[in-house]
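Below are the chains, spelled out letter by letter.
There are 2 protein chains.
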Amino acid sequence: MNLRFANCRLLASDMTVLDKAELITSGDKIVFSGKAEDAAAAAGNMSFDRVIDCRNDLLMPGFKNAHTHTAMTFARSLADDLTLNDWLHKAIFPREAKLTAEHIYWFLKLGFAEYIANGITSCFDMYFQPDATAKAAVDTGFRFVFCGSVNDFGGIDRLEDEYNRFNSYDDLVSYRLGFHAEYTTSENIMKTISDIAHKYEAPVFAHISETEAEVAGCIERYGKSPVKVFDELGLYDFGGGGFHCVWFDDEDMKIYKDKGLYAVFNACSNLKLASGIAPVAKFREYGINTAIGTDGAGSNNALDMFREMYLDNVLSNIGAGQAAVIPPAYTLEAAVSVGSRCMGLSDCVSLDAGMKADFIRIDMKAPVSLPENNIVANLVYSGNPSLVKMTVIGGKILYENGEFTTIDMEEVRNRTKSLMADLA
Amino acid sequence: MNLRFANCRLLASDMTVLDKAELITSGDKIVFSGKAEDAAAAAGNMSFDRVIDCRNDLLMPGFKNAHTHTAMTFARSLADDLTLNDWLHKAIFPREAKLTAEHIYWFLKLGFAEYIANGITSCFDMYFQPDATAKAAVDTGFRFVFCGSVNDFGGIDRLEDEYNRFNSYDDLVSYRLGFHAEYTTSENIMKTISDIAHKYEAPVFAHISETEAEVAGCIERYGKSPVKVFDELGLYDFGGGGFHCVWFDDEDMKIYKDKGLYAVFNACSNLKLASGIAPVAKFREYGINTAIGTDGAGSNNALDMFREMYLDNVLSNIGAGQAAVIPPAYTLEAAVSVGSRCMGLSDCVSLDAGMKADFIRIDMKAPVSLPENNIVANLVYSGNPSLVKMTVIGGKILYENGEFTTIDMEEVRNRTKSLMADLA
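Going down the list, the protein sequences come from chains G and W.
Mapped onto this note's numbering, the consecutive letters of the first sequence carry residue numbers 6 to 429.
Mapped onto this note's numbering, the consecutive letters of the second sequence carry residue numbers 6 to 429.
Since the hints were derived computationally from the structure, they do not count as laboratory data.
Glycine included, every Cβ here is placed at the ideal spot set by N, Cα and C.
Treat the hints loosely; a few may be bogus.
To be verified - For lysine-lysine, the following DSSO-like pairs were computed, each having C-alpha atoms within a straight-line distance of at most 30 Å: (1) K370/G to K103/W; (2) K103/G to K401/G; (3) K287/W to K264/W; (4) K401/G to K34/G; (5) K25/W to K264/W; (6) K422/G to K370/W; (7) K422/G to K422/W; (8) K95/W to K287/G; (9) K370/G to K25/W; (10) K204/G to K287/G; (11) K264/W to K370/G; (12) K370/G to K370/W; (13) K103/G to K34/G; (14) K140/W to K422/G; (15) K370/W to K140/W; (16) K34/W to K401/W; (17) K259/W to K287/W; (18) K370/W to K140/G; (19) K264/W to K401/G; (20) K422/W to K25/G; (21) K264/W to K95/G; (22) K259/W to K40/G; (23) K370/G to K95/W; (24) K287/W to K103/G; (25) K262/W to K196/W; (26) K370/W to K95/G; (27) K229/G to K262/G; (28) K204/W to K287/W; (29) K95/W to K401/W; (30) K370/G to K140/W.
As the list claims (entries may be wrong) - To give a feel for the contact side, a few chain G residues facing chain W, derived at Cβ under 7 Å: (31) A17; (32) S18; (33) T21; (34) D24; (35) G39; (36) A41; (37) L89; (38) N90; (39) A279; (40) A307.
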């Protein structure tokens with residue numbers, strides 16, 4: 006499949022906008038992106054399945070949802086009125102115990118539909134049932150990165166097998182080593198994970214310092230913060246990073262900076278669960294790589310990277326007591342390029358030729374896109390999912406003008422409705 | 006024009022959802038809303054211009070944007086990287102000085118387009134050029150409530166005339182007494198406004214306690230908070246309220262409660278400008294009427310009541326240090342019903358028969374609307390503008406499936422582009 010996107014604008018890798026541009030895909034890759042005047046030479050004698058007139062809309066890399074639990078769409082707006090502890094023990098855990106592979110498959114598809122409609126082209130996901138998960142991703146054509154979900158209740162005996170199996174499963178699927186968190190994972194298990202990381206020279210990811218209580222508990226158990234525990238266990242010797250990163254101290258930040266680790270922020274979830282506000286501006290000052298994720302629909306409740314970007318940016322103003330602390334280009338880069346590198350998708354970072362054809366078309370004629378005082382600021386401060394007119398993953402158009410090409414939403418609605426009844 | 010909306014669900018005035026319902030409009034009013042089985046009797050021998058099958062979507066009252074400066078769409082993403090003081094003095098004031106009636110008209114139309122696409126059916130607006138403004142509202146078919154914009158630089162000599170003129174201008178237009186804020190309005194001018202309020206027994210509105218510095222300045226000038234200054238000047242003797250309300254103390258809250266005043270919150274603007282987080286939960290405990298507004302696009306930067314609702318709700322969790330502090334139904338009610346009463350639109354409060362036909366159709370088949378664990382929570386915690394499939398104001402369909410019926414977006418784009426160039 007060869008596609009030619011004419012009459013477009015492009016978000017360049019430095020977060021500037023190139024006018025009067027074209028983008029050409031062949032198979033699952035971008036083979037040309039640049040000035041329209043150079044497109045004919047690049048196209049040569051290629052034949053195109055479609056030539057799409059973008060009417061001066063913007064093409065940009067898809068959003069990378071760098072931390073999520075996609076199948077938790079089942080838990081959206083489920084007992085939001087409970088406190089965190091009751092919500093977990095009365096609403097979530099009893100239902101998770103009933104989740105079958107069929108539940109996972111269909112609630113993932115519901116999540117993928119939301120991602121695709123919202124311009125998200127890949128996710129970094131920690132949950133159960135990897136076989137049903139990988140099948141749902143490939144059936145949908147969605148680019149899926151597993152994060153290992155080991156904890157004291159299980160997973161360590163399967164981690165190495167899953168790592169090898171899902172890194173050679175399909176081009177759309179990959180797997181990074183990971184575990185739930187310090188407070189749910191014994192030191193012995195963490196040591197075993199560190200051994201596996203050293204064997205494969207692989208990065209490791211986990212929830213980290215999400216709540217103040219979690220850090221206090223870790224200090225009680227180990228005499229030091231989770232970052233320092235992980236670092237001293239060698240878990241970070243080949244990179245990796247953490248999810249949430251709300252309660253980091255300066256030493257934690259220095260470790261993240263020195264080891265080139267990734268801090269993945271989840272502003273909506275942290276507000277909704279009252280976990281706190283991550284000091285994004287301080288991470289930026291340290292020069293730490295920062296990415297953005299939605300967390301699961303149970304604690305967000307949307308899977309919307311526009312809303313995450315907005316909050317990732319403006320919440321820092323409150324901490325700093327002044328406006329405009331973080332440039333919007335920094336936030337947009339976190340949501341597309343840095344997130345991509347964090348997840349190990351080094352070939353989905355930008356629209357440059359040679360990258361995977363994972364991109365979206367943004368409506369530049371919608372009221373909220375006007376006036377064009379600053380397109381990047383418009384995306385970060387004003388954007389919402391209604392701007393996503395098209396989503397392309399691996400060179401395939403998965404969503405166009407509100408319609409899905411690989412997901413039967415009628416079936417997703419019917420299946421998730423009846424499967425939800427099982428969980429009641 | 007008679008319209009019949011069949012096969013729908015309705016958001017009732019108590020924020021519950023009525024299934025298997027219908028809604029009938031005649032002229033600019035709702036004449037029936039209730040169970041589908043009662044619709045035929047209500048319709049009698051009415052003939053309908055259209056019968057719309059809502060396919061089980063939700064009809065709900067439109068959002069009431071209870072504080073905004075709509076024409077400031079020109080300032081969206083304009084020099085966001087400046088600090089507040091530089092932004093005002095270098096980016097905004099010099100451009101505002103150049104705004105003609107033509108600028109106001111077209112940037113208002115751009116704002117109305119964004120409102121209508123986002124499900125907002127009326128706004129409470131403080132800005133300049135009321136004649137061009139009222140014309141833009143009526144030309145669009147948008148329900149517009151003026152808030153007087155008096156300050157030391159002008160307006161007091163026109164306030165009474167504007168109040169009388171725009172309260173008998175058109176059914177879509179009304180006018181409430183108002184002024185900018187204590188720190189921009191002398192005591193003498195505030196006394197004159199109080200006299201006018203007493204003459205007409207009318208409520209008064211103003212920006213209030215938006216920043217900590219504003220309150221400190223007021224205490225320096227008057228020895229008391231802005232709320233107490235306004236109250237003692239008699240400005241609140243016939244009701245009214247304030248915009249932002251971030252830095253209220255207990256005495257301020259008690260005054261707002263005792264006088265039945267309206268606190269209008271603007272969470273996005275307050276985050277973006279680092280003004281602070283309004284203690285919404287505490288206002289709720291006091292039993293104060295709370296409404297929600299977007300503020301202008303210069304300081305938000307979107308005109309999106311979904312995002313405002315989300316933040317109005319979840320930011321309170323941070324202050325309280327616990328999840329689920331405010332029920333989503335409270336927030337939704339603020340955004341639709343309480344806002345309506347605040348603006349003096351007592352006939353736009355709900356979908357009950359006799360109310361103005363100002364309502365929206367919400368897509369219940371979108372991924373983000375599923376599963377239906379809690380429809381009200383889905384709207385508040387997950388909703389975004391892409392869910393708005395139709396917007397009806399005064400019984401006229403102004404927006405349907407992405408198309409405007411009274412706004413020529415091509416013309417709005419062209420006009421605002423060339424008018425923006427004048428402001429450079």
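Here's how the hints hold up against the structure:
1. Restraint check for K370/G and K103/W: satisfied, since their Cα atoms lie roughly 25 Å apart, inside the 30 Å limit.
2. Restraint check for K103/G and K401/G: the C-alpha separation of about 35 Å exceeds 30 Å, so the hint is violated.
3. With a C-alpha separation of about 17 Å, the suggested pair K287/W and K264/W falls inside the 30 Å cut-off, and the hint holds.
4. Of the supplied pair hints, the one linking K401/G and K34/G holds, its CA atoms being roughly 10 Å apart against a limit of 30 Å.
5. Using a Cα cut-off of 30 Å, the hinted pair K25/W and K264/W is violated, with the two alpha carbons roughly 40 Å apart.
6. Under the criterion of a C-alpha separation no larger than 30 Å, the hint pairing K422/G with K370/W is consistent with the structure, at around 12 Å.
7. Only pairs whose Cα atoms come within 30 Å are accepted, and K422/G paired with K422/W is rejected, the gap being roughly 47 Å.
8. Between K95/W and K287/G the alpha-carbon distance is near 28 Å, which keeps this suggested pair within the 30 Å criterion.
9. Restraint check: the Cα-Cα separation between K370/G and K25/W comes to about 36 Å, which exceeds 30 Å; the hinted pair is violated.
10. Distance restraint check for K204/G and K287/G: the Cα-Cα separation of roughly 34 Å exceeds the 30 Å cut-off, and the hinted pair is therefore not satisfied.
11. Of the pairs offered as hints, the one joining K264/W and K370/G is violated, with about 45 Å between alpha carbons and a cut-off of 30 Å exceeded.
12. Proximity of K370/G to K370/W is assessed by CA-CA distance (about 25 Å); at most 30 Å being required, the pair is judged to hold.
13. As the CA atoms of K103/G and K34/G are separated by approximately 40 Å, the hinted pair breaks the 30 Å bound.
14. Only pairs whose Cα atoms come within 30 Å are accepted, and K140/W paired with K422/G is rejected, the gap being roughly 48 Å.
15. Restraint check: the Cα-Cα separation between K370/W and K140/W comes to about 37 Å, which exceeds 30 Å; the hinted pair is violated.
16. Using a Cα cut-off of 30 Å, the hinted pair K34/W and K401/W holds, with the two alpha carbons roughly 10 Å apart.
17. Between the alpha carbons of K259/W and K287/W the distance comes to roughly 11 Å, so the proposed pair stays at or under 30 Å and holds.
18. Between K370/W and K140/G, the direct Cα distance comes to roughly 24 Å. Compliance with the 30 Å bound is thereby established for this hinted pair.
19. A distance of roughly 60 Å separates the Cα atoms of K264/W and K401/G; the hinted pair therefore is violated under the 30 Å criterion.
20. Distance check on the hinted pair: K422/W and K25/G sit about 18 Å apart at the alpha-carbon level, within 30 Å; holds.
21. This hinted pair does not check out: K264/W and K95/G have alpha carbons roughly 42 Å apart, beyond 30 Å.
22. For the hint pairing K259/W with K40/G, the CA-to-CA distance comes to about 62 Å; that exceeds 30 Å, so the pair is violated.
23. For the hint pairing K370/G with K95/W, the CA-to-CA distance comes to about 28 Å; that is within 30 Å, so the pair holds.
24. Proposed proximity of K287/W and K103/G is contradicted: the alpha carbons are some 39 Å apart, above 30 Å.
25. For a cut-off of 30 Å, the pair hint linking K262/W to K196/W stands: about 23 Å separates their Cα positions.
26. With a C-alpha separation of about 28 Å, the suggested pairing of K370/W with K95/G holds against the 30 Å cut-off.
27. Simply put, K229/G and K262/G have alpha-carbon atoms about 18 Å apart, close enough for the 30 Å limit, and the pair holds.
28. Of the supplied pair hints, the one linking K204/W and K287/W is violated, its CA atoms being roughly 34 Å apart against a limit of 30 Å.
29. About 41 Å separates the Cα atoms of K95/W and K401/W, which puts this hinted pair outside 30 Å; it is violated.
30. The suggested pairing of K370/G with K140/W holds, with an alpha-carbon distance near 24 Å, which does not exceed 30 Å.
31. Below 7 Å, beta-carbon pairs count as interface contacts, and A17/G has none with chain W, the closest being about 18 Å; its hint is therefore violated.
32. For S18/G, the interface hint is violated, the least distance from its beta-carbon to any beta-carbon of chain W being 21 Å, above 7 Å.
33. The criterion of a C-beta within 7 Å of any C-beta in chain W is not met by T21/G, whose closest approach is roughly 15 Å, and the hint is violated.
34. The beta carbon of D24/G comes no nearer than 14 Å to any beta carbon in chain W, farther than 7 Å, and the hint placing it at the interface is violated.
35. The interface hint given for G39/G is broken, as the beta carbon of that residue sits about 25 Å from the closest beta carbon of chain W, more than 7 Å.
36. Of the supplied interface hints, the one on A41/G is violated, with its beta-carbon coming no nearer than about 21 Å to a beta-carbon of chain W, more than 7 Å.
37. Look at L89/G: its Cβ gets to within about 5 Å of chain W, closer than 7 Å, so that hint holds up.
38. The interface hint given for N90/G is violated, since its Cβ lies 9 Å from the closest Cβ of chain W, which is over the 7 Å cut-off.
39. Interface restraint check for A279/G: the shortest CB-CB distance to chain W comes to about 4 Å, inside 7 Å, so the restraint holds.
40. Nearest Cβ of chain W to the Cβ of A307/G: about 4 Å, under the 7 Å cut. The hint holds.
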